[in-house]
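Novice: Take a look at the letters that make up each chain.
Number of protein chains: 2
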Amino acid sequence: MRAALDAARAAAAAGEVPVGAVVVRGGEVIAVAANAPRTLCDPTAHAEILALRAAATALARDRLEDCDLWVTLEPCAMCAGAIAHARIARLYYGADDMKGGAVEHGPRFFAQPTCHHRPELFAGIGATEAAALLRAFFAARR
Amino acid sequence: MRAALDAARAAAAAGEVPVGAVVVRGGEVIAVAANAPRTLCDPTAHAEILALRAAATALARDRLEDCDLWVTLEPCAMCAGAIAHARIARLYYGADDMKGGAVEHGPRFFAQPTCHHRPELFAGIGATEAAALLRAFFAARR
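Taken in order, these protein sequences are the chains called A and B. Here UniProt numbering is used: the first residue of the first sequence is 1, the next is one more, and so on. Here UniProt numbering is used: the first residue of the second sequence is 1, the next is one more, and so on.
Any given hint might turn out to be false.
Just so you know, same-sequence chains aren't split out, so a pair can sit in one copy or run between any two.
[Unchecked claim] With a straight-line Cα cutoff of 20 Å, these simulated SDA-like cross-link-like pairs (lysine to any residue) come out:
| id | residue 1 | residue 2 |
| --- | --- | --- |
| 1 | 99 | 111 |
| 2 | 99 | 14 |
| 3 | 99 | 26 |
| 4 | 99 | 132 |
| 5 | 99 | 27 |
| 6 | 99 | 116 |
| 7 | 99 | 112 |
| 8 | 99 | 117 |
| 9 | 99 | 10 |
| 10 | 99 | 54 |
| 11 | 99 | 6 |
| 12 | 99 | 2 |
| 13 | 99 | 125 |
| 14 | 99 | 87 |
| 15 | 99 | 68 |
| 16 | 99 | 123 |
| 17 | 99 | 25 |
No lab work stands behind these hints: they were computed from the structure.
With the hints as extra help, turn the sequences into a complete structure.
Specialist: See below:
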């Protein structure tokens, strides 16, 4: 989660909402990404999506069933869906997202009967620091 | 929807589940994409995601509020989330997807109170042809 928090700080420095994500396989970091929709002109460029895509490219396959994803914020519906498509084994996330989160809030994607893959879920990892980064980012823009 | 169905046929020819998507702005086609997760080694490479990304690149911005998306199959949670992030104005889709769909099935993403953008929805456009393509694809693989 340390690397994901560093990526979140890099996102903030680039003027993006500070969220970072890391894909890990057997203790090895396969991909690290920072949230970048504005920088990349890509509405799908959340940290999770970029990390999953980079990991899939690195491993030359579209399923990452032996990988875990670490992300500083509760994933949205788009990212939760991508995590299921990628068959991620374990999802570790930081701060809750009551507005846009789709794991414990809103559509609660992984709890839906139609969800075809549920990773093991670990919430609240590094949540205090992740939430502080988000609060500072939005406070500076008000 | 004609162009989206052609893209779905191209996906099938490449061994991918036949789904196609088109982004249109003011009657002009901005992007066309075929489903390609295996070909691209990218779990996020659904037709909708690829079309949204290509359109955002073409227009050099991450919000497509003046664009419509046409897709041959009911979007999944990942794609519905991406459609909301992109601020797509109107969503036209073909066949229902009772297993993976997230518009009228499963998480019913656009009906969630936490959904921050709902496009106008038009279902069942070209549904017969879109569903026939999917049935033929899966029948050939059984």
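Novice: Determine for every hint whether it applies to the structure shown.
Specialist: Here's how the hints hold up against the structure:
1. For a Cα distance limit of 20 Å, the shortest separation of residue 99 from residue 111 qualifies both inside one copy, at 18 Å, and across copies, at 14 Å.
2. Taking the shortest Cα distances, residue 99 and residue 14 never come within 20 Å of each other, neither inside one copy (23 Å) nor across copies (39 Å).
3. In this assembly of identical chains, residue 99 and residue 26 lie within 20 Å of each other by CA distance neither inside one copy nor across copies; the values are 33 Å within and 32 Å between.
4. For the identical chains of this complex, residue 99 and residue 132 are intra-copy neighbours only, at 16 Å inside a copy versus 38 Å across copies, given an alpha-carbon limit of 20 Å.
5. Proximity of residue 99 and residue 27 under a CA criterion of 20 Å is satisfied in neither setting, with 32 Å inside one chain copy and 34 Å between copies.
6. In this assembly of identical chains, the alpha carbons of residue 99 and residue 116 lie at most 20 Å apart only when taken from different copies (8 Å versus 24 Å within one copy).
7. For the identical chains of this complex, residue 99 and residue 112 are neighbours both inside a copy (19 Å) and across copies (11 Å), given an alpha-carbon limit of 20 Å.
8. Taking the shortest Cα distances, residue 99 and residue 117 sit within 20 Å of each other only across copies (12 Å), while inside one copy they are farther apart (23 Å).
9. Proximity of residue 99 and residue 10 under a CA criterion of 20 Å is satisfied in neither setting, with 23 Å inside one chain copy and 38 Å between copies.
10. In the homo-oligomer, the alpha carbons of residue 99 and residue 54 never lie at most 20 Å apart, since the shortest distance is 27 Å inside one protomer and 28 Å across protomers.
11. For the identical chains of this complex, residue 99 and residue 6 are neighbours neither inside a copy (23 Å) nor across copies (38 Å), given an alpha-carbon limit of 20 Å.
12. Proximity of residue 99 and residue 2 under a CA criterion of 20 Å is satisfied in neither setting, with 24 Å inside one chain copy and 37 Å between copies.
13. Taking the closest pair of Cα atoms, residue 99 and residue 125 come within 20 Å of each other only inside a single copy of the chain (19 Å); across copies the shortest separation is 32 Å, beyond that limit.
14. Proximity of residue 99 and residue 87 under a CA criterion of 20 Å is satisfied inter-copy only: 17 Å between copies versus 25 Å inside one chain copy.
15. With identical chains, the CA atoms of residue 99 and residue 68 are never at most 20 Å apart, being 24 Å at best within one copy and 25 Å at best between copies.
16. Within a single copy, residue 99 and residue 123 get their C-alpha atoms as close as 16 Å, which meets the 20 Å cut-off; across copies the closest is 27 Å, which misses it.
17. Proximity of residue 99 to residue 25 under the C-alpha cut-off of 20 Å is found in neither arrangement, the shortest distances being 30 Å within a copy and 29 Å between copies.
In terms of the numbered hints stated before, the structure departs from hints 2, 3, 5, 9, 10, 11, 12, 15 and 17, listed from lowest to highest.
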